[in-house]
Amino acid sequence: MVLGVLIAFGEMLSPGTYTNVQITWLHLPPAPGPFPNGFSLVMGTLVDPISSLMLVVVTVVGFLVMLYSIGYMHSDRGLPRYYAEMSLFLAAMTGLVLANNLLEFFLFWELVGVCSYFLIGFYYEKPSAASAAKEAFLVTRIGDVLFLLGIFLYFSTYATAGPDGGWAANGFVFAHNSVPFLPLPGANTTTLTIAGLLILGGAAGKSAQFPLHVWLPDAMEGPTTVSALIHAATMVAAGVYLLAVASVFLGFTPTDQLAIVAVGGFTAFFAATMAVVHPDIKRVIAYSTISQLGYMVLAIGAGFAMVGLYHLFTHAFFKALLFLAAGSVIHAVGTQDLFRMGGLKKHMRLTAAAFAIGGLALAGIPPFAGFWSKDDILASVYSQLGTHPLYWPFFVLAFSAVFLTAYYIFRAWFLAFSGDGPRDPTLPAAHEGPWVMQVPLVVLSAFAVVAGLFVFVPGFQHLLVQGTVLGGIPPTYPATDLALSSISVALGLGGIGLAWTLWGNGRVFSLAETSPVQPLRRLLLNRYYFKAGYDAIGLRAVYPFARATDFVDRFVIDGTVRGLERMFGAGSDRLRSIQSGLVSDYAAYVVAGLLALFVLLLIVGPYLLGRFGGG
Amino acid sequence: MTFSSFAAPFAPEIVLLAGTLLIFALDVLKVRRIEITGGIAVAATLAGIALVVADLGFAPLAFLATIPAAQIDALPAAGAAPLYAVTSLGLVFQAIFLLAAFFVALGSTSRPSDERGASIFFGLLLLATLGMLLVAIASDLIFLLLAIEVTSIASYLMVAYTRTDARGVEAAMKFFIIGALSTVLSFFGASLLFGAYGTTNLYLIRAAGTAVGYPTLVLLGYGFLFAGLAFKVTLVPFHAWAVDVYDGAPHDVSAFLAGGTKKMGIFAFFLVFLGPVLAVDAVGQSGYGLFGGSLALGPSFQLALGVIAVLTMSVGNALALLQKEMKRMLAYSSISQAGYMMIGITIGSAPALGGATLQVLAHALMKTGAFLVVSAVAALGVGPLIEDYRGLGTRRPLLGAAFALMLLSLAGVPLTIGFVSKFVLFSAAVRAQGWFLWLAVAGLLNSAISVFYYARVLKAMYFDPSPVPDPALAGAVVGGAGPPALPVGGLGYGRAAAIALIAGLIVLFGIDPQLVLGPIQAAAYHFVAAGA
Amino acid sequence: MLPLISIVLATLALGTVGTFAAGTRARWVALGTSALFLAEVGLLFAGFTGWPGYSGTLVPGFSYTETHPWISLAWMHIDYAVGVDGISLIFVLLTAILQIATVVYSWGETQRPAGYFGLVMLTCLGCVGVFVALDILLFFLFWELVLVPMFFLIGYWGGPNRRYAALKFFIYTHVASIVMLVGLLALVFYSGATSFDFASVYAAARGLAPVVQTFLFLALFFGFAVKFPIVPFHTWLPDAHVEAPTGGSVLLAGLLLKLGGYGLIRWAVEVLPSGLHSVQPLLFLIAFLSIFWGSVLSLAQRDLKRLVAYSSINHMGIVLLAIALDSSLGLLAAVLLMFAHGVVSGLLFMASGSVHHQYGTRDIASLGGITPGAPALSTMIMAGGLASLGLPALIGFPAEFTAFLATWNGLGYWVLIPLSVLVVTAAFYLWMMQRMLFGETKGGPPDAHGLPWYESAGMGLLVALTVLFGVLPSLLVNVIVNSPIKGWPGT
Amino acid sequence: MTELALTGFLGLSAALVGIGIFGILTRRNFILLLISVEIAMNAAILNFVYFAAFPSGTHGLSGQAITVVLIGFAATEVAVGLAIVLALNRLKGTINVARATELKL
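Residue numbers (my numbering), protein chains in the order written: chain D, 1 to 615; chain C, 616 to 1147; chain H, 1148 to 1638; chain Z, 1639 to 1743.
Since the hints were derived computationally from the structure, they do not count as laboratory data. By construction, the Cβ of each residue, glycine as well, lies at the ideal position given by its N, Cα and C atoms. Hints may contain errors.
Which residues of chain H face chain D? A few of them, derived with a C-beta cut under 8 Å, are [to be verified]:
| # | residue |
| --- | --- |
| 1 | 1154 |
| 2 | 1158 |
| 3 | 1161 |
| 4 | 1558 |
| 5 | 1570 |
| 6 | 1573 |
| 7 | 1587 |
| 8 | 1622 |
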């Protein structure tokens, strides 16, 4: 961690210096055919502004979560497994951040994926956990496949249009300040568009963007610490990071950008809606994660990678904070159901405060971290509205999501902490966790307050700008638009207000069964039936199809084989009856053979030979 | 000419004749112990082998060579009509015949020493072998046919020599009737050829070629002759007798019939259908033509042969496929093997002849060995059905291994002579190109199918649990329920030695085929060039 | 220089004989042989160009070549000709690895150990022979030789339905190799070569007319395809695998399937270029079919071994695809894939064998939550599954990555077919793990003794290699590309 | 002799062969079978006799010699046949070949 932070500060002090070391991983020598120059795949590390930024996030949050785990997991068997997998994850994540080419990026990308698979399934005795782990792996796998194909497209584009002609001998290393693909003369724009979309697909898988978002809420089956580290701060952010990297080193076509904006904007709103009604504290936060990731994607789509990364940075802290806070709540009361909790703030002041800070940051209330970054995102998108009319709806969606966000997070807060005692009396008496659990809360709260202000540290903003240099031209940082930000703040406050009126002071707002919005609520509770749909595809379509194929395999293909076998057998049996045992028959065969011979010699032979010519 | 110069080419024949007479004389003198008669037979055949191999130019035995190398493969003076001619290929076949006879004799010495008619058996064995040796040096049609008849008559009697076994006698009856019929056919054919050519000498017939008054007679003659010889070689549809005879005959006799006399038929085919009428280009590529010319019979005969070859191997396989009795299965398999040999005759090129000859050698070894194993196993009290062999492989590892080896060789698995012979034969077929390729394909597919029934035996021997009580063990138990125990776990020295030797040769020739392939190919080239 | 390859073959031959003779101490002899063999392979590598530590004078291409006349007639010359290039060397290495792993894994074999280990030795001998043979007859001889021990392994040590499976395996593959033999013979004689050795056939085949090449290629391909196996000639595989003893399955999947791929590369693709060219579309079709079929079928399997067997079909389909691409990258990918699949499927079959020993069944549905009971075992299964579904840093990844890259490069968007099948592959492995390893414990407690040390040792070795070559694929690649193919340094 | 004669003789021997073969195919009595064989055999023997008379020069064994040999051979064959008949009769109590079909399939 310390190292990570040091690197980051080093970058701040001496912007524009890049460390890049690499080794050849796989080398195909030049050979005639499609690869005249041969090509090599390398593994290397590239430390540049944005990677160092990520590094800070990964290491700091990682450290704090590990610290927190000491308290949170203390009573858990399989601790060694837990720490091993967590460390492996941190290692892989660091590798991903430092990767200096797409292949290596993909390699670690998969590794963090499998770590998350293991950690989600940490309580593998629980069938739900096991299946959630599988679901997460599979859904992200879909994204990975797209990502892989995207890599191929970039590689082959590089092959045809790359500076060194032929397949890059340099192993497709991200070349800083060199021209990215996009402006590259001769690069096939359609291919690049498709490639961009495929990359987006990969990112969507990892960052749980619509329509591959289903896995993230279920991933909450894992320990809360895992959710905090992997499914809030770091791994899920990898998708966003990928998009940022791609936008910087590869570049997106306008079409790609529109698609990215669409996905981001829609997801931001879509996920928020689901969070509004959910009773499970962790899942609420999970949905908010999805929606926040949507914001980042939106920003990158609008062409402001640095802003997206900035939000990623701040979000990492306050979202981790929220999770850890929720964790200590769960640790205390042993349930995740908001409707059973209540009045916790009496016993858990620190946690309540931490959660509140996190909530405020999330809701984008100044001066908390979330405000600045989210505000910049909205501003940046607003500034780009001119580029394409379709930006409008998604901007509006994202904007309105601010209100929902504020509402659902504080709904959660009120449900959990306000009021005078738990709604479910059977809950154990709540109490704060040990110091190892409190310290991270404090630290992260501090970050959640101040992280947003970093942007005013010249070095930091420079870092962002430098990091996202596109084709040698440093991008302009979006100007803050006071009107816009005031509206968003107002929305946020409005959301909080609504939450207070419905849920404050232990009030429980229950929607009348007859209410016209009831179906909508059910729709939201069932997550728009997405998961159900996916399961249906799996269990009602694919598996029966597989069974059918199996049937064909056993009875048609193998049946043919056995059929042949039987045919031979039957033929042999029939033939054996000529062996009658009566010697006169045998003599008859001989004479018949003699006659047949003459037929062959005099008729068949000459005919055939005349037809096809002799031997 | 002096007797010695006259007798020289006949050295092996004379040895065998002496052996035969000696045995019969002893029989008259009531000396019938197997140790003696069998010993004589073994000695005679062994001596015969030595002499033949010496004549073939086997250096270590050179001192035994009786025929001046110049006389071997020598073409007679134009117009001369010798009754016999020594060809190197003929010598090779003699060696094969003697080898088969030797193994049978050796194996048979392990039969109960007071067995009735044993001495007759050995005498007839030598007599039959003598006839085969004569076939191998014949160069006159009548000489050839008579030699064949010597063997035939001897083998009729061998099949029935016990005179008490109903199965044996029935077999002999069938054997005799079909045999007599085909004898008639061949002599009738010969008579027609005599009519067409005014001679029965193969050289002269070849010289005359197509310059002949009555081509129709020639066609008919060769047709009848073919039918007559096909009986010996058990070509479909002239094969039906073979299965019953091999089945009914005493095991050792079956071994001799399958491993020996059948091969005589093959060589007769060589003489009648290849030697005299073969025209060969430099590389021995087939230029086969029976009277290319007026009736253009050559190609059409080839076609007929090809058809019959494929028919033979296919029918043989098909019948063996589900066969339940071991001996009948082996009989059918040897029918199909005859089909392979016919491929070589069909193509008629020197390589093909070589391949066929190697196949003959391989088959002689494998089938003699297999039937000897059968008779050994039967002596242990195991039944005739394949399923009676259950667990044999694990109960009698060595015997089982030997039998497995022979079956694998029959199936054409590498490192056995069976593989090499098929490989060479089919190589020759492919090399001949044209429609001969399809002969190779047919042959290979058949050998693939044949794997099934050999594998079935292996399955029974190794994978199936052995029956209880296990007869395969009873034989070995001294004073057990089975027959009195013989040495070598109930096998007896002779059988054990014969089986072991054959197994050894199968592997030896499988690993270093050049040993036999070299001489055989050279002989084949001479044969084709010299035209018998 | 030492005739290393002959020494290797001799080692295995003697080892086989010794093992058969050794009775109850057979396993020691087998172990010794395998160790010696491995050491000799090490020597082979040490002296091979392109190997990191190489400091010799060998020219690239075929190394360690030996030629001794064997059968020489006026019309055909057959040599005992052996030698290795990068590709064959890789496969020899694979053989050595799997042999020793199998021997160690089967350490507890009590049923006629002499026969068992002897047959294992014999199988490996046959495979090595196929990989090093540079003469058609020699190649075919070893090719056929492999069938026999496998037939006995399945038939004697196999499961309940072993007899049927053994016969089916033997005949099915034998018929195929017969067709292949016709092709090989025709290859020699139609191209006018009198010598059967690789070089002269290779040279002579250039003169063949494209149409002839096509037919020859098809004949050879059929022979190899059944070994692969590719749909629809694959049905012998599941039966053979399910019935075979664990060691048998390992060798079957790890080595025998590779014979097909190797033969295709060495004797068809290399020798009959225009033949390959004209049947390429067919090959692609078959490959896609196999990939799809194998993967989807695995999804439907309840028996762990059957599942792995079908996944083999899927992987070998990818191999065929890579070979059919006829590009240097494709070739590289194909060889990598085969090596990877050899190790991984070996691991998986060992694992399923252990599952069977421990729980008395391989039925996924009736097993569950075995992780608490047998953590080591379930780790092995997970490692195998993840490697097999192409997880980075495991051996499967570089292979599949290159394969798909090559496919994209050669076929463009057709690559979507195998790529999308990747998801299915992941699906059935994950589903298997979820049902078998996780969830509530079903299917009774594990065997009292737990996982025997030798079984975990055998699997551990393979896991280690999976990781090693997954992290450093160049160890393999540098060797592979030293082959006289596709204008690689070997040429 | 003349063509006519030749065709006549050939016709005769052909007839003999035909009769013999017909007998072999139809008779069930072993003795009768033997006789049929002999009839057919005589056709061949007859051929040798008169083909030897043709002008077209006779090398090697002349037809007559062959004839003598063949007659002798035929006698031995019959002898063997009779031996088998006896054995058959003793063991099966019949000389009807149709009764001896124990070996089949």
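Please list, smallest to largest, the hint numbers that this structure does not respect. 1, 2, 3, 4 and 8
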